[in-house]
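Those protein sequences? They're chains A and B, same order as listed.
If you count by full-length UniProt numbering, then the first sequence holds residues 1 to 206, one letter each, in order.
If you count by full-length UniProt numbering, then the second sequence holds residues 1 to 821, one letter each, in order.
I should point out that these hints are in silico values taken from the structure, not numbers from a laboratory.
Just to be clear, a hint being listed does not mean it is correct.
[Stated by the list, open to error] What follows is a set of in silico ranges between Cβ atoms, one per label pair, in the way DEER data are often shown:
| id | chain 1 | residue 1 | chain 2 | residue 2 | range |
| --- | --- | --- | --- | --- | --- |
| 1 | A | E167 | B | E183 | 22 to 28 Å |
| 2 | B | E593 | A | G57 | 42 to 48 Å |
| 3 | B | D147 | A | E167 | 20 to 26 Å |
| 4 | B | H223 | A | E142 | 25 to 31 Å |
| 5 | B | E489 | A | K8 | 26 to 32 Å |
| 6 | A | E167 | B | A151 | 34 to 40 Å |
| 7 | A | R115 | B | P161 | 30 to 36 Å |
| 8 | B | S328 | A | L200 | 42 to 48 Å |
| 9 | B | S328 | A | E142 | 35 to 41 Å |
| 10 | B | E186 | A | T132 | 54 to 60 Å |
| 11 | A | T132 | B | S328 | 20 to 26 Å |
[What the hints assert, rightly or not] Within a straight-line C-alpha distance of at most 20 Å, the following computed EDC-like cross-link-like pairs (lysine to aspartate or glutamate) qualify:
| id | chain 1 | residue 1 | chain 2 | residue 2 |
| --- | --- | --- | --- | --- |
| 12 | A | K92 | B | E183 |
| 13 | A | K133 | B | D102 |
| 14 | B | K605 | B | D565 |
| 15 | A | K129 | B | D542 |
On a predicted model such as this, the values are computed, not experimentally measured, just so you know.
Just so it is clear, CB atoms sit at the ideal spot from N, CA and C, and this is done for glycine as well.
So you can see what is in the structure, the chains are spelled out below.
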Amino acid sequence: MTVTTLAKPDYDVLNVLALKKMADATAIAAVTGMPAGDVEGRLASLSGGGLAVVAGGAALPTDEAEPALAATAAEVYAPVRADGDVLALVEKFETTNAQFLAAMSSWQQVEVGGRKVTNDHSDAAYDEKVITKIERLVGRLEPLIGALAGHDARFSLYSTRFATALEAIDTGDHDLVSAPTRDSVHNVWFEFHEDLLRTLGRERAE
Amino acid sequence: MSYTRAFTDDGQVDVDELGGKGSGLVRMTRDGLRVPPGYVITTAACHVYLDRRALPDGLEDELRDRLAALETTTGKSFGTGPEPLLLSVRSGAPVSMPGMMDTVLNLGLSRDAAVALAERSSDTRFMADLVARFHTMYSEIVLGALDDRPAVDALVAQASPGDDPADVYDRIWAAAEAALDDELSESVPSTPWDQLVHAVEAVFRSWNTRRARTYRDHHGIAHDMGTAVVVQSMVFGNLDDTSGSGVAFTRDPVTGEPGLYGEYLAHSQGEDVVAGVRTPDRVQDALPPDLLAELERTGAELEARHGDVLDIEFTVEHGVLYFLQVRSAKRTPEAAVRIAADLLADGTASAARALGLVTADQLRQAQRPGFDPDALAAARDDGQVLLTGIGACPGQVSGELVLDPDRARDRADAGASVVLGRSVTSPADLHGMIAAAGIVTATGGSTSHAAVVARALGTACVVGAAALEIDDAARTVRIGDRTLSEGEEVSLDGGSGELFALALPTTTPAAANEAMDTLLAAAAESAGSEVLARVTLPVDVDTARAAGATGVVTAIDDVLAASGDLNRLVETLLEKGLNGVGAFSEVRDAIAEQLAPLLVAAREKGVRDVDVRAIDLLADESRELLQQTAVTTRHPELALPLGVPDLIRAQREGLVRAAGSADYTGRLRLAVRHVSDPSEARALAGLDDGADAPGVGTYLTSPRAVLAAEELAAYSDGVWLEVRALQAAMFGIPARQFLTAEPLDSYIARGLLAVDPRHELDPVVVRLLRDVPTGTGVRLSGTVADPVAATLHGLGFRRFAVDLPEVRPLMLGLGRAALAG
Numbered sequence: 001m002t003v004t005t006l007a008k009p010d011y012d013v014l015n016v017l018a019l020k021k022m023a024d025a026t027a028i029a030a031v032t033g034m035p036a037g038d039v040e041g042r043l044a045s046l047s048g049g050g051l052a053v054v055a056g057g058a059a060l061p062t063d064e065a066e067p068a069l070a071a072t073a074a075e076v077y078a079p080v081r082a083d084g085d086v087l088a089l090v091e092k093f094e095t096t097n098a099q100f101l102a103a104m105s106s107w108q109q110v111e112v113g114g115r116k117v118t119n120d121h122s123d124a125a126y127d128e129k130v131i132t133k134i135e136r137l138v139g140r141l142e143p144l145i146g147a148l149a150g151h152d153a154r155f156s157l158y159s160t161r162f163a164t165a166l167e168a169i170d171t172g173d174h175d176l177v178s179a180p181t182r183d184s185v186h187n188v189w190f191e192f193h194e195d196l197l198r199t200l201g202r203e204r205a206e
Numbered sequence: 001m002s003y004t005r006a007f008t009d010d011g012q013v014d015v016d017e018l019g020g021k022g023s024g025l026v027r028m029t030r031d032g033l034r035v036p037p038g039y040v041i042t043t044a045a046c047h048v049y050l051d052r053r054a055l056p057d058g059l060e061d062e063l064r065d066r067l068a069a070l071e072t073t074t075g076k077s078f079g080t081g082p083e084p085l086l087l088s089v090r091s092g093a094p095v096s097m098p099g100m101m102d103t104v105l106n107l108g109l110s111r112d113a114a115v116a117l118a119e120r121s122s123d124t125r126f127m128a129d130l131v132a133r134f135h136t137m138y139s140e141i142v143l144g145a146l147d148d149r150p151a152v153d154a155l156v157a158q159a160s161p162g163d164d165p166a167d168v169y170d171r172i173w174a175a176a177e178a179a180l181d182d183e184l185s186e187s188v189p190s191t192p193w194d195q196l197v198h199a200v201e202a203v204f205r206s207w208n209t210r211r212a213r214t215y216r217d218h219h220g221i222a223h224d225m226g227t228a229v230v231v232q233s234m235v236f237g238n239l240d241d242t243s244g245s246g247v248a249f250t251r252d253p254v255t256g257e258p259g260l261y262g263e264y265l266a267h268s269q270g271e272d273v274v275a276g277v278r279t280p281d282r283v284q285d286a287l288p289p290d291l292l293a294e295l296e297r298t299g300a301e302l303e304a305r306h307g308d309v310l311d312i313e314f315t316v317e318h319g320v321l322y323f324l325q326v327r328s329a330k331r332t333p334e335a336a337v338r339i340a341a342d343l344l345a346d347g348t349a350s351a352a353r354a355l356g357l358v359t360a361d362q363l364r365q366a367q368r369p370g371f372d373p374d375a376l377a378a379a380r381d382d383g384q385v386l387l388t389g390i391g392a393c394p395g396q397v398s399g400e401l402v403l404d405p406d407r408a409r410d411r412a413d414a415g416a417s418v419v420l421g422r423s424v425t426s427p428a429d430l431h432g433m434i435a436a437a438g439i440v441t442a443t444g445g446s447t448s449h450a451a452v453v454a455r456a457l458g459t460a461c462v463v464g465a466a467a468l469e470i471d472d473a474a475r476t477v478r479i480g481d482r483t484l485s486e487g488e489e490v491s492l493d494g495g496s497g498e499l500f501a502l503a504l505p506t507t508t509p510a511a512a513n514e515a516m517d518t519l520l521a522a523a524a525e526s527a528g529s530e531v532l533a534r535v536t537l538p539v540d541v542d543t544a545r546a547a548g549a550t551g552v553v554t555a556i557d558d559v560l561a562a563s564g565d566l567n568r569l570v571e572t573l574l575e576k577g578l579n580g581v582g583a584f585s586e587v588r589d590a591i592a593e594q595l596a597p598l599l600v601a602a603r604e605k606g607v608r609d610v611d612v613r614a615i616d617l618l619a620d621e622s623r624e625l626l627q628q629t630a631v632t633t634r635h636p637e638l639a640l641p642l643g644v645p646d647l648i649r650a651q652r653e654g655l656v657r658a659a660g661s662a663d664y665t666g667r668l669r670l671a672v673r674h675v676s677d678p679s680e681a682r683a684l685a686g687l688d689d690g691a692d693a694p695g696v697g698t699y700l701t702s703p704r705a706v707l708a709a710e711e712l713a714a715y716s717d718g719v720w721l722e723v724r725a726l727q728a729a730m731f732g733i734p735a736r737q738f739l740t741a742e743p744l745d746s747y748i749a750r751g752l753l754a755v756d757p758r759h760e761l762d763p764v765v766v767r768l769l770r771d772v773p774t775g776t777g778v779r780l781s782g783t784v785a786d787p788v789a790a791t792l793h794g795l796g797f798r799r800f801a802v803d804l805p806e807v808r809p810l811m812l813g814l815g816r817a818a819l820a821g
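Isolated chain B, as found in the complex:
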């Protein structure tokens, strides 16, 4: 035999020959799992078929022999009773790709076989369903039909378990054939042998569908690779009470809790569980003890071998357990963190494996702040719940209620958190939905346009809030006997579907923290890196510490903007001269006063590395806040890093006083932006601002500075390389355009930039970074993509500063990069 391989045959498991699915089934069989027997038609047969548009000589004889062997193994017969053998036919290319023919199930249902099956299961209704499903599936997959078949569905619904099987078969087959003839003028062969051969040919033909070709062209996959075909005997869970079907996870995929978690439904086919026709039972309650023990034992063995939680699809036929599919389980973000930590702790997974089990996005979601649980409970008790609709996209947010998309965008642009309330949503509402932190609509289900848009945006959303009566003219909303005006604070829970009056306080969920700490400790150990968090408020320091940050960075302009001092200081700069005590003494005093609480927090939380960025009057991101044009017109010298050394002196003096009053004794430095010349660095180092003045470092923001990094480092007390500023300089795009989705999203979508400078490192930048001393700190802004972390780690950088929510994801990415490298 040359074109087929039984799952049980010896020989090399070659994916190129057996395809992905075929190899998987052969491996499962060799691992000792009871897989329904079957065989693979190898890619070699496909090569011949594609070459001459006909099956290779001798293949049909081989298939007949294989079929005979299957009949012997299973004790069933193809196309006839008493126990008919039904087959599934699936495509299985060496690489999974779109456009390929999917599965045809229940192949082999001749009239005789159908009648026998109805008798064997004492259930004509089951047979009717199977025949209709087979005909529909074969029509769709092999012949390309699309239409629904209400007439056939109605006949199936009418069939009773006790009906005469032959009659029912004839009626359903005739109706299905009529529907297919109407639609395509085609027919499904009535003999099982023809069904099998045509299905196999259809798999081979599907190799060359438009979608498959496009995909291969795009991914550089050879067009002559070809596909294998998997032919497998089917097992049935609905033959009698000693049969059934189920799905089990080796751990709870919602919480991550260890222990087999699954559902079983006796006397049923897998589809019944999926379709929710009948409610399944817990495997622990419903499976006979010997089968449960077998499932638990096998699950544990498989989990240990794969080093991951698995999703096991199984069927019991006449008391025998069959494994249909075993794959890596889907899981919630919380479960992903817990599972990775547990598998690491119990030694099932190595550190490298465990870190690979959690994506940065899952970590971000698991640490996403939610409503404070006590405040949430109190709000429910106090009748703050305005309504409960359908949760369409999870997330807990507070904001001002706005009833119009234009106004929602205006308020969001002004910095407000907005909850957009609408009766119905239309495409013209998109801009408002994009701007909103939360969306609530009176109409729609969990699959409405609003829900789809909200989920695409990742915006918390409640739909079908029927109690919401919006009065557009009055800009009010009535909910029961309450009336809210636009602008009032509300809170929205996109998971539970609740809308609350007033804003609810938020906290980081405590539940995931312990597992997160375990995992991140492993990442940190491997990464060997310092990760500092960007903070502005004293409370941020606590959060940074909890996330595992080794230090903090802050910026004087951010702190003063948050404290409300910045406007006044800028006004002062505009009014006063720069000589003598004038404006700078006010800067110094404000820093002394406002930085002290931050340093107190650092001392209390044991943070001993605080890096402060000096006021940057050139920062493109804050040009309006700082009234850049006015200030630098009035004092042009302020536009250069060392244009006015007294400004640096004022900041250092302010920091000394802040540290003194906070009793902070850790490392404290002031770093100046835009320095690009060794002479500037030398001049900075030479400033005499008192013996106890904090060291002065630099932020590299230009290609010139990066090229001179080594020399600059020689004079600087700490050098930071600011990736966003550098990328902005390399692209010649103002840095503030990197802060928002638009205009860059659309621009990149038009294919005008090969690299998205907000999320990817430009290859030119990477080339520049190769010569930067690895002791340089790297300052990253916004979400840090895994490849960015890996590239920087690969270049040898070990000191980073990121936005507060990115501390954990970056640590994970660095750890993963370290273990991969």
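Okay, chain A solo, but in the shape it has when bound:
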């Protein structure tokens, strides 16, 4: 079986599509930094290549998308995979990721008499502590994002997305901590994690 490898901008568009599963050109443009018009063109050519389906303005990846992305990443990101600095930072990421998910959990649940109970967000001081912790943990990603952006500038957009979400959280939009339907800190992190795994050619463990 031959697997197509992709031109770089096509990879970027399809990568986002595979992360989001369904997205329109505006949404993809927002997280790739490409003009929406360009994204539409790329989607059309991906669709022509059988890697995406465009219906009613929204696009979906086909089953052929994942192998094509994996093959392309293996080529394009070979230097990343060989970069000792990146790999050392990735080691650290594992710890930070675990701390981040634990912080997310303490945002959602509090311990009451030994039982986890949904955080009803009535304790502002508690919530603010968790947000501070989350903000610090996001800060710890910066060196890794920076190192990746040294190879491929698109990674720096994750910093921008984190900053946007955190800023909105500070103005009181607490939904952006973990809402799955928005560009929340957890969603950005989740996508970054997935993107990182694809970039490195690794499998998700959980």
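Chain A is fixed; fit chain B onto it per the hints.
The following block gives chain B in isolation, referenced to the frame of chain A:
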């Protein structure tokens, strides 16, 4: 002295001057609680600091005097032995806000003090831990360090209680300084005095961090308010066997059961209990009797004074009980209901206070249906448990097992309850997770991405179900020696982590009901309102009654859809003419047959107020179900409320027969939607459908109808105002878009609508409602937010109809609104 106040000093407790934390500690001290002594540096000092970037003249002298006084009171000395005085430094603004400097603990650990502390506690290991913690905390909070310090942690782990304290101190301090120098090229001052002054300055500086400024801008808090600083002596529970630390609740926060509930660990610091390093004992077993009695007595007094359950953090130092923090206790939803009911019953809390102790969401969770306990026990006995993973988000649900997120969404869209099974979850699975009623994954712990997403969605979830082997190609899952195919029914318990074969029946938990009834009776009494529940099936009537509904509403289309008659009737309407007996006799017969069981249930349960909505062929929410386009193309006159009076006659006749066969003698009415003109109402009132025909009322769904409400009411036997339809009309958004999260969630997230029409009343609608006669019933759909209930109650409305699960939360909200107003 002008910039500081000891907790014990006289004077007004002014939050603007002392900050929130400072005022709290002064109040606790005045209430007679033994609080570790300390003082507050007032916001006035902060004002000066922010103005000239330096501490006010004379403040340092004041601090020295305060310190000397603390040394006298505590019998300890700052920065030296034999019993060293350690301090905590905390920020305390008048309003709590993010971005402010948090706490620095254990300040005052000079080399001398550290050595003395190790000797006093005969525990070098304890001192090593304290020094490392202090250095890390000071580095993080005052200097902004982030890095972990594995080298320092390793040194602490190596330290033994009997090691030479000076050596250990030197090694740990050097390692911590090296780590900090590596990271920030900074240093922690080694003299306690400098540590204290720099920490105080750091608190003042943190007033102007980016996060704090953003928060103040957004919440309209003045930038010149400034913060206070709390400096407090620390007490230690790990000095000897007559010391210890613990946490106590004035009632059990899990069940709500009365009586002191808490844990105590002798010879320990509070962190040991939190970190789970050692297992604490029950306060009743571990505290000396005199201390237990003091704790119980103080807890009861505090609870009576606050009218709420409290969480008390305490430390015993050399046999003396100190109160570190007292605050309102976090609790489970079940406990919240029970506690509020108990405090109301024993007179500790007024009705207003008690109703304020339970949120509508807690009530919703406490009444959430779960697996029938008998069926659950039987399922366990019969080997229905397929696997036990890690419960990540509680909830008991049944549904068909689906192994792919796309198919999960398709099945959910088709109305199925779906349990999504995955090996691992990726961001691309989100749509499937959103659609699912339950999620089970083979990998991951309670803090995996899947768990975080599930909790954000409130979806029952089990993770780390290692026994789950999914075969994507075959669409089967193997669990041990069993194989399940996609589509088979399973049940999932997101609390216990169990996955069961087959669907388990659910019931409303009985445990919370008695307490709920007590509380809701108080709410109902205050609210003075009728709350009717929307029902479709006879069994719903029982549930409605149990929830305290004063009557029920139903809709003929809902009942006929549930009975399976609706399709046939719509087909008949499409085939036949509207004259003579034709289609309408079938409508009448179906109503007579299908409404009767509902009315039997009403009679049996003592419900004497049944309001029936007439078939609405225009309802946007059911346009597909009713084949609206086809029906109204075939019979355009059916698109208007009184286009075909015979349809109304058929429904009234059907109801008369249903009531007759059910022997139902209570109030029964038929209400017609979309009426907007007094002439329509007059014509409805004039319909002669027989002497015993039920009265005809109206549902107001348009702004025009609302503006004419008073006139319409004059001709109608009961008027309902339908909030969702009205909001949809005001926004010009089809009502069916109000039933789902999307597209409105994303749209509102983009900031394109100032009001979420599904959860908030639009101000324009509120303005319209001001002129509506208060005798009008208000029909609400979906979850009713507390502010909506309060606004409607404030406008004078006293008759409501809601979805079945919302009866209790609405009653609570109305009661609260009544008592607040």
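Verification of the supplied hints:
no.	hint	result
1	A:E167 / B:E183: 22 to 28 Å	holds, 26 Å
2	B:E593 / A:G57: 42 to 48 Å	holds, 47 Å
3	B:D147 / A:E167: 20 to 26 Å	holds, 25 Å
4	B:H223 / A:E142: 25 to 31 Å	holds, 28 Å
5	B:E489 / A:K8: 26 to 32 Å	violated, 47 Å
6	A:E167 / B:A151: 34 to 40 Å	holds, 35 Å
7	A:R115 / B:P161: 30 to 36 Å	holds, 34 Å
8	B:S328 / A:L200: 42 to 48 Å	holds, 47 Å
9	B:S328 / A:E142: 35 to 41 Å	holds, 37 Å
10	B:E186 / A:T132: 54 to 60 Å	violated, 20 Å
11	A:T132 / B:S328: 20 to 26 Å	holds, 22 Å
12	A:K92 / B:E183	holds, 15 Å
13	A:K133 / B:D102	holds, 12 Å
14	B:K605 / B:D565	violated, 26 Å
15	A:K129 / B:D542	violated, 45 Å
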